[in-house]
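Required output: the full structure, derived from the provided sequences and hints.
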Amino acid sequence: MLLTSFALAALAIALAWPVPILLARASWPDRAPGTALVIWQSIALAGGLSMIGAMLTFGLVPFGDNLVAGLHRFGLSLANATLPPGAMFLQMFALSGAVLLSIHLLLSLVTTFVRTERLRRRHRALVTLLSNPMPSQPGTRLIEHAAPVAYCLPGTTRSVTVLSAGLVSLLDDAQLRAVIAHERAHALQRHHLVLLSFRAWRGALPWFPIATRAQGAVALLVEMLADDHARREVTDATLGQSIALVASTAGDGATTAGDGELPAGFDPLDPLAAAGPTATRRIARLSAGSRGLSAPARALAFAFAAGLLAIPTVLLVWPALV
Amino acid sequence: MATLGDLERSVMDVLWDRDAALSANDLRDALSAQLAATTVLTVLSRLENKGFVTRDRDSRPHLYRAATTRADHMAELMHEVLGTAPDREAVLARFVGQVAPGEAAALRRLLDGK
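Those protein sequences? They're chains A and B, same order as listed. The opening residue of the first sequence carries number 1 in this note's numbering; numbering runs sequentially from there. The opening residue of the second sequence carries number 1 in this note's numbering; numbering runs sequentially from there.
Honestly, I wouldn't trust all of these hints.
[Claimed, not checked] With a straight-line Cα cutoff of 20 Å, these simulated SDA-like cross-link-like pairs (lysine to any residue) come out:
1) B:50 <-> B:105
2) B:50 <-> A:9
3) B:50 <-> A:121
4) B:50 <-> A:115
5) B:50 <-> A:123
These are calculated hints, taken from the structure and not from any lab test.
See the structure below:
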């Protein structure tokens, strides 16, 4: 059991640092954002599982040779309020740590979900009062504001695409179609749920820079996935122009930022800001054409993602089965 | 068929445009759609619950007034959209989100060059 615990700890460290750094620096995710998104999710899940599993198995060493036997004896010990001989404080700390971390991660997910729902409900009420439905586009609403913005407002039953008057006057019809197709893809593919879980992960571990990095990377991948969906309806050039036009207006307004200065509304703490010049990256991959990953490379990536999840699971469960 | 949301918007439009305290009957007369008085009251109490409308309960009949101006609400909405709302996490993903320093200028040059 001690060996299992060390193996899980080693995996947890690998998934907390070198693996996500390598993935964040790699360039292939631009070509296969969906595959990269799967890997990010398995890193987060396997990382949490191995971290909790390492503490749990370390703490259960005096109670049994495997997880099931250890948990069983731990339950009996707890009922009798007696520790088995050889139990150390350090092991009890590890057990408490495993329980607290599990509760902390779950609570963070729940509170992030509840807070997000509350903010969205308020936002939806505001949008209802301040926007008009666009007759030409079902499920689309127009707000009278000069800043060119478009976003998807996810809903439990029906999602809404919100466009601003500034955006409509900036783009031509084809470019507008590209934006709407992009935003519809977010709703269709339920991207807000992926973004929510990564935001919760970061909220639970605010001192952990990799969580911020993961959130930024995932936010960008989700945009690329929506871009790929929009490419089915409009040409790559049209979509690229819409991104360039909207991004180039950033910082316009009361104060125009020069080079080197921060554009208005730029928040260096935003995870997407940590991902660098994202609009430029999205345009670059569009003009590079739709060269996806080869089938073997994709299969390898999925095998890697499945393996990441399988290793901690097998390490935890296998000793109890043999 | 007008939805509840449409009704809420037209009631708020009247309250914002008149900028005065109105009774439910005043509002019903001002609205173009023929509505039952109870419908107007339902819409008003929904708007009150959401904090968009304040009700003067001392007057008879009760008078309703917009809690703040349309511009204030628009500013609140745009702060959330642009992710500049203080101590609020960004829960909305824009078509183009954060633009890195210098990126907008570089893209402008690119667009002008074409």
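Here is what the structure says about each hint:
1. B:50 <-> B:105: Violated - the C-alpha atoms of residue 105 of chain B and residue 50 of chain B are around 41 Å apart, more than 20 Å.
2. B:50 <-> A:9: 49 Å, violated
3. B:50 <-> A:121: 10 Å, holds
4. B:50 <-> A:115: Answer holds: residue 50 of chain B to residue 115 of chain A is near 16 Å, not above 20 Å.
5. B:50 <-> A:123: 11 Å, holds
Hints 1, 2 from the earlier list are contradicted by this structure; the remaining hints agree with it.
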